[in-house]
Amino acid sequence: MSTDTLVDFDELLTRYEPVIGLETHVELGTASKMFCGCSTTFGAEPNTQTCPVCLGLPGSLPAANEAAIEATIRIGLALGCRIATWSRFARKNYFYPDIPKGFQTSQYDEPLCTAGHLDVEVDGEIYRVEIERVHLEEDTGKNLHVGGSTGRIHGADHSLVDYNRAGIPLVEIVTRPVPGAGAKAPEVARAYVTELREILLALGVSEVRMEQGNLRCDVNTSLAPTGSLEWGTRTETKNVNSLRSVERSVRFEMRRQAAVLDAGERVVQETRHFHEDTGSTSPGRSKEEATDYRYFPEPDLVPIAPDEEWVEKLRVALPELPAARRVRLQQEWGISPTEMAWLVNAGAVELVSDTVAAGASPGDARKWWLGDLARRANDAGTDLGELAISPAQVAELIGLVSAGTINDQLARQALDGVLAGEGDPAAVVEARGLAVMGESDELVAAVDAAIEGNPDVAEKVRGGKVQAIGALVGAVMKTTRGKADAATVKRMLEERLVSS
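With our numbering applied, the sequence shown covers 1 to 500.
Take these hints with a grain of salt, some might be off.
Straight-line Cα separation of at most 27 Å, BS3-like style, residue types lysine-lysine; simulated pairs [said to hold, decoys possible]: (1) K367 to K460; (2) K313 to K367; (3) K490 to K460; (4) K238 to K184; (5) K367 to K465; (6) K101 to K238; (7) K490 to K465; (8) K478 to K490; (9) K460 to K478; (10) K238 to K142; (11) K478 to K465.
Keep in mind the hints are simulated off the structure, nothing from the lab.
As the structure is a computational prediction, the values presented were derived from the model and not from experiment.
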């Protein structure tokens, strides 16, 4: 539980201006590691996907993964970067248990891609996030701290290291500082990572599943007095692993740093850990500068010199990118820019698109993802795409409603079952007995009981106040626990009261 003093968000904006920056790490979806032939399959038994090269054993020599280099260049092209004609790897020297070689093979002053940008939209306003560099490196292993309550080393009985991840190709995308977002800084940070994730998915270079660590974000935040010519001291919140948490981490750090500055103290340049349960951050370690890593060129790898003709072929072959795709989908679905912005802000564009591809109408797909499903995601404190339901299942649910098998009320009960892991919508409807009640003896009895139980209302309907029939429809729906079809019930009531 955080004990930091916090300043009200709106209040701090009267005195301070935030600057954000993001460093995003993307595990590429190559079949083998960056410098060896070991498998990259997720979820294998610990330390079963290693070899002398990725363990850094004496006498082993690396060889660069061509597919990883191509993927990195494609990312750079999609972000409008300048592609280097000459690039090379460097050794980044630091000593952690999850670095088996005692250094990480990365890139320093000669990255593959530089000087790009990504435009993101928040509440109808466009913010340009400039990309400083896109470089290629290898991932680290994974520490597992056992015996503590937090999963961190403090309080743990012992630690284990899994080197399966060590050496997997990792692309780091580093932005330049982003000033001028003001109150929208947390949302701009989230929008940037969201848009970047969509681009990576469109390129097919990574699964970008944040819960599996395919996409990890380090969020830099600083505050400076309004009108100051100098930016404030930044903190770096490490390995933030959900879109929602990116926004929450910026918001918390702004409030915390404002309290530090208001007290006349200095913000410490450090890394910080984000806590999902509280939405707070806590100190990690003092932040190193590049000189602390003692970079020098990797002597065991030749430089990379991408052929200009090859790069141009990659550029021409890029798929339709998300921004252009949204314009096309907006036209195809017949929706307004505002409605498309709602989908973007909810992270629902691809979910709706996949639901439509599975057979649902655009209107029905939007209705369910932005309605009941969005409410459930909000109640669970999670992102929409992390709900335990697929677009195909949503399309199936919509199909059951369209066919008259269930109504909207019963569909919500079926949705609960799907989210609870009870199976696909049709199976849940059958198991829970949720199908709409036909014009059966049971429904006839319910209609007659509603008339007999509400004689005053029935008399009003007979007297010409047809709108009063709604109360009788509600009584039948209550008796049948929502299983009756409201239109059928209304027709049956009209036959008994209006026609007579």
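If you draw a straight line from the CA of K460 to the CA of K478, is it 27 Å or shorter?
With Cα atoms ~21 Å apart, K460 and K478 stay inside 27 Å; holds.
Against the 27 Å threshold, does the CA-CA distance of K478 and K465 hold or violate the hint?
22 Å, holds
Does K478 pair with K490 here, judged by a C-alpha cut-off of 27 Å?
Holds, at about 14 Å.
Pairwise hint evaluation, K367 against K313, where the allowed Cα distance is 27 Å at most:
41 Å, violated
Compare the distance between the alpha carbons of K101 and K238 with 27 Å, and conclude whether the hinted pair is satisfied.
22 Å, holds
Mind checking the alpha carbons of K367 and K465 for me, to see if they're no more than 27 Å apart?
33 Å, violated
Satisfaction of hint between K142 and K238, Cα-Cα up to 27 Å
15 Å, holds
Compare the distance between the alpha carbons of K238 and K184 with 27 Å, and conclude whether the hinted pair is satisfied.
Cα-Cα ~21 Å, so holds.
Satisfaction of hint between K460 and K367, Cα-Cα up to 27 Å:
The given pair, whose Cα atoms are some 36 Å apart, is violated under the 27 Å limit.
Check whether the Cα positions of K490 and K460 lie no farther apart than 27 Å.
Given pair K490, K460 holds - Cα atoms ~15 Å apart, limit 27 Å.
Given pair status - K465, K490, alpha carbons within 27 Å
14 Å, holds
Checked against the numbered hints given earlier, this structure breaks hints 1, 2 and 5; the rest are met.
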